[in-house]
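Asks: Each chain is listed here by its residues.
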Amino acid sequence: MSNLYQEHILEHYKNPLHYGELAEATVSTPAANPSCGDDIIIDLQLDNQGVITDLAWRGNGCALSKASASMLADWAIGKSLEQVQSLSNEEIQELIHMPQLSGSRVKCATLFVRALQYLKK
Amino acid sequence: MKFNVNQIRKQFPILKRVINDNPLVYLDNGATTQKPQVVIDAIVDYYSQHNSNVHRGVHTISDESTHIWEEARTKVANFFGAKSPQLIVTRNTTEALNIMAQGWGAKHIKKQDVILVGLSEHHSNFVPWQMMAQKNKAEFRVIPLQEDGQLEMEAFEALLDEYGSRVRLLALQHVSNTLGTVMPVKKINQLLKDKKLKSQVTFVLDAAQSAAHMPLNLQELEVEAIAFSGHKMYGPMGVGGLVVSSKILDEMEPVLFGGGMIDVVSAQETTFNPDAAERFTAGTPDVASLHGLARAMDFIQDIGWPAIEKQEEEVLSYGLEKLQELDRVQVVGPLKTRNAAGELIRAGALTWLYEGVHAHDVAQVLDRFAVAVRSGHHCTMPLHTTCGWASTTRASLAVYNTTQDIDKLVEGIKYLPEVFG
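These protein sequences, in sequence, are chains D and U.
Okay, so the first sequence: first residue is 1 according to the working numbering, each after it adds one.
Okay, so the second sequence: first residue is 1 according to the working numbering, each after it adds one.
No lab work stands behind these hints, which were simulated from the structure alone.
Be careful, since some hints might not be right.
To be verified - Derived lysine-lysine pairs resembling DSSO-like cross-links, with alpha carbons at most 30 Å apart:
#1 U:414 x D:14
#2 D:107 x U:414
#3 U:408 x D:14
#4 D:14 x U:322
Given the sequences, and given the hints that come with them, work out the whole structure.
Replies: Right, dumping it as structure tokens:
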């Protein structure tokens, strides 16, 4: 754990990317992480092929959940919604450069993707 | 014997652990307490020397095992001022409360009846009653709290006045797992008596957070049922119980069917064992764990309640004081352990909000200092939602905690700005 708060995590936590609202969202999704009371809402703009052309997210959460949402949001633009929805926990940890999270913290890191999974594949 | 906290600490092997180069400061006792050597030894001894299934075995070790089981049942029931048949052994408080709801509530809570619970109830004393109310078309009402987390007695009285004889069940936490608030059981009973409702309202006490911290006696508390978890009172995980009054025991129906709990079984019908101790024990029980719990109760009684209560109140008072001195920290719940009348209003839990840092991150940074605390909504979402808290951080005490543990906690909290600014 001692290296959980690495520089890139703290940087994204303090200055999250794509944080806020989209004026013209195709779809929005509420979600929660029931064990700690975190929440996140993601606005998406999708094209006809289901590719994410823009997104914005907002919510309350710990440093890890916010930092991972920031990194994953940045990565997701230009990908298809389905591709983001089907990310495995391992892939998510790789994308946020935190391969060795404990079980309870994996939930924080994957909140962003789980929120998207509420939208039908 | 004079109380010596270092002597107590020596009995807990896990307290010798070093984590992240720091000696473990265990302040997560509300989730589960650590186990003294005597409990660990009892379990090892059971499996090394006596393991055999209870009842109906004529060979020596089955007989020994049966004796161990019966002795433990009696010990645990007596601990709560009850007799062995009044104890229904469960896995934990949650199971005990569910059995109360299913085994008693299903039949005795009727359409139009009213169930009252407190706002800060743990989900395990909230959801089973909410479900039962839905199923039996009863009304489920939540008693609000004062700003400091104590039950709002005026609102409670108003609910009693509003529903009168329709009130069938009152389910309350003895001590709040989130705020540490101590429920004024005596005052509540007095109010029920004043309203002439005492005899018709079944009072269920969730003692998960009080059983390790203060004496509990079914008659003295004047409640119909006490639910508790062994692992929160120095016993092993996986064993707890529901202690009920004789009246409730008579009205209670088994919810688990199978071996041991029957009288006569035929293709046409089954009758249940007239001995309640057997009727509510379907299948092979966890003998080793109940034995371990009985030894945990010996451990508590050897120290004695006055010494336990004094030590824990001293450390909690110190913690309340120290945390309130810190910048960005807001302690939630009562700010003192006693009210102006000298009555105990807070025990066990020291809970706070830290401005600008999520509770998970507070707990994670404290782990660097080997300070173990819990963060989240502590299974009290109705309370957190009402108060507008996303999550809180909780340090919770046991008899082995010291003011030095609080100093370590404070040191960890002071380090937070180093990480998060």
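Asks: Are the hints correct? Go through all of them and say.
Replies: Comparing the hints with the structure gives:
Straight-line distance between C-alpha atoms of residue 414 of chain U and residue 14 of chain D comes to about 20 Å, which keeps the hinted pair within the 30 Å bound. At roughly 27 Å between alpha-carbon atoms, residue 107 of chain D and residue 414 of chain U fall within 30 Å of each other, so this suggested pair holds. Proposed proximity of residue 408 of chain U and residue 14 of chain D is supported: the alpha carbons are some 27 Å apart, at most 30 Å. This hinted pair checks out: residue 14 of chain D and residue 322 of chain U have alpha carbons roughly 29 Å apart, not beyond 30 Å.
Comparing the model with each numbered hint stated earlier shows that all of them hold.
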